[in-house]
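Engineer: So the chains spell out like this:
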Amino acid sequence: MLPSHGKSVLIRTPEGIAFRLTLAGPVSRFMAWLLDTFCVLAAVTVIAPIFQLISVFSESYGIALQVLLSFIISMGYGICLEWFWRGQTLGKRLLGLRVMDEQGLHLRVSQIIVRNLLRAVDGLPLFYLVGGLASAISLKGQRLGDLAASTIVVRIGELAIPDLESLEADKYNSLREQPYLAARLRKKVSMDEASLVLRSLLRRDELKLESRAELYGKLAEHFKSLVPFPQECLEGLADERYLRNLADVLFRSRSARRP
Amino acid sequence: MIVDLEKFIGNQRQVWKELEEVLGRIERNPSTRLDLDQIKRLHLLYGITSADLARLQGFAAESELKLYLEALVSKGFCEIHDHRSTLQRFNPVRWATRSFPQVFRARAGAFWIASAVMLFGCFFGVLMLSIDPEAKEALMPFEQLLGDPSERVAREELKGNPDLGANKPVFSSTLMTHNIRVSILCMAMGVTLGMGTLILLFYNGVLLGAVAMDYIHAGQTSFLLGWLLPHGVIEIPAILVAGQAGLLLGSTLMGGQDCLPLSHRLRRIVPDLTTLMGGVALMLVWAGIVEAFFSQYHEPVLPYALKIAFGALELTALTLFLSRSGSMDSASEGRSARAS
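Which chain is which? The protein sequence lines are P and Y, in order. Every number in my numbering is 4 more than the matching position in the first sequence, counting from 1. Every number in my numbering is 391 more than the matching position in the second sequence, counting from 1.
Hints are supplied without guarantee of correctness; some may be wrong.
[Unchecked claim] In silico lysine-lysine, DSSO-like type, Cα no more than 27 Å apart, as pairs: (1) Lys11(P) / Lys144(P); (2) Lys222(P) / Lys212(P); (3) Lys192(P) / Lys228(P); (4) Lys192(P) / Lys398(Y); (5) Lys191(P) / Lys398(Y); (6) Lys408(Y) / Lys431(Y).
In case anyone wonders, no lab produced these hints; they're calculated from the structure.
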């Protein structure tokens, strides 16, 4: 699932729909670059023995071809892979990054070439210092090559529909015994608050035990004070169970309840 | 108000999954070509999913589902508006013989500025060396150029064949890659609002002027022309074309009279930058071959007149090529070829 933290850009489609793309951070981009550099070096090392074979017949032509191919690999690696893998090199693919047009479209080949050629400046003086500074300053996290080519680097993730079954509300939800209070709860809970409850439950297993207990305790305390339910409805309900029942009230209508 | 999420997901899950499957198929195999019915279906699925996202934005802030739909819509948006098919029409011969000179002519202003700056650098180099011959060491940081030109000429003419021997291919490939790297830097420096490009052009001009002055002053003009012209008439214009691309980038970043947003301005020139740099690479490959296999031979092996004539012939051909090639095409044809 896509992370919601970090910088993002808002894209508006001609159909009037808006969606956000999460921008890749400088650290993940640097890691991707390191991986790509390693790949280029590995490729150059792998081809070396082939040219040693050619050198048996003509040493100078073997070396010349090696010089040329090493250059072509170092220049062409990013360009070819970003074209064939739609904005991804091996490093970017492993780290879940993708280069895109800043309008949210796929890249044109000219954009790929220009952003890769401008590595000559972004890479100065060492380890992409210029490019790193530029992307730190830029609102869209663009290094100079990205700026010139109108591209951005975004984070991508696996697509997955939220699994509401994992909410596991009680088949008997005591909060539903108070329909007026449940309706009041629906009215008073803001969209952000409701989203917070749902996300905290869906990401339950990502939290440490103590952090989870603390978070659920605070959330339960907040919602209990927002719409107080009679004590008998809450009796024996742990904070997490209370929140699951709360999410059930907020996100499921009575007719949609599981049998 | 909070949407009934479970019902919403239950009703729409099939549509989203189908769209996800189609987009996944296209992503796994970018050359996938959809027929008309599949395109219509993709468009329909995309429309429905977009509407679902809009509905979710209007009624609830359910982040997980919203992120899922946003990711799906962004992927669909990419595919619906994709333009990869243009590459399939890419014709390298047509690109090299028509698009490149067309773009060169369309952006000729930047080329003339680049040429003027390099020429100014040449005059500066000549002037500096005339005023202070001791400045040679500072102006020419290459050891092989620091000696007495007459001695070098005598040495080269005595040998007849260059020292390179069987290493000509290595020398040639090293020259090509080095010069292409320098050209890329010259273009890329355009991102400093053109200042970096101007400095590089000026510096190269100073070097060229100082070397020329040194040899002319030593009475070795024929050797100089025979040595430099065969590859220089291609190599120097190639650096100037790279400078042209850098200045084009710099002027676009500055904007000037153009009131379009920066991204729109850049979007217009990026295909031209690519075309110019592609042309530069081709020119430098040729120059590298000529420099290693031809320029390094001197009299008595090759008469200077022949080398100078060869250089003049190349320059004439290059001038005709850049000024005439593809000029019969309509502007629209040129644009469509460049776009690819």
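Engineer: All hints are to be evaluated individually against the structure, with a verdict given for each.
Structural biologist: Against the structure, the hints come out as follows:
no.	hint	in the structure
1	Lys11(P) / Lys144(P)	8 Å, holds
2	Lys222(P) / Lys212(P)	15 Å, holds
3	Lys192(P) / Lys228(P)	12 Å, holds
4	Lys192(P) / Lys398(Y)	21 Å, holds
5	Lys191(P) / Lys398(Y)	19 Å, holds
6	Lys408(Y) / Lys431(Y)	17 Å, holds
Hint violations for this structure: none, all hints satisfied.
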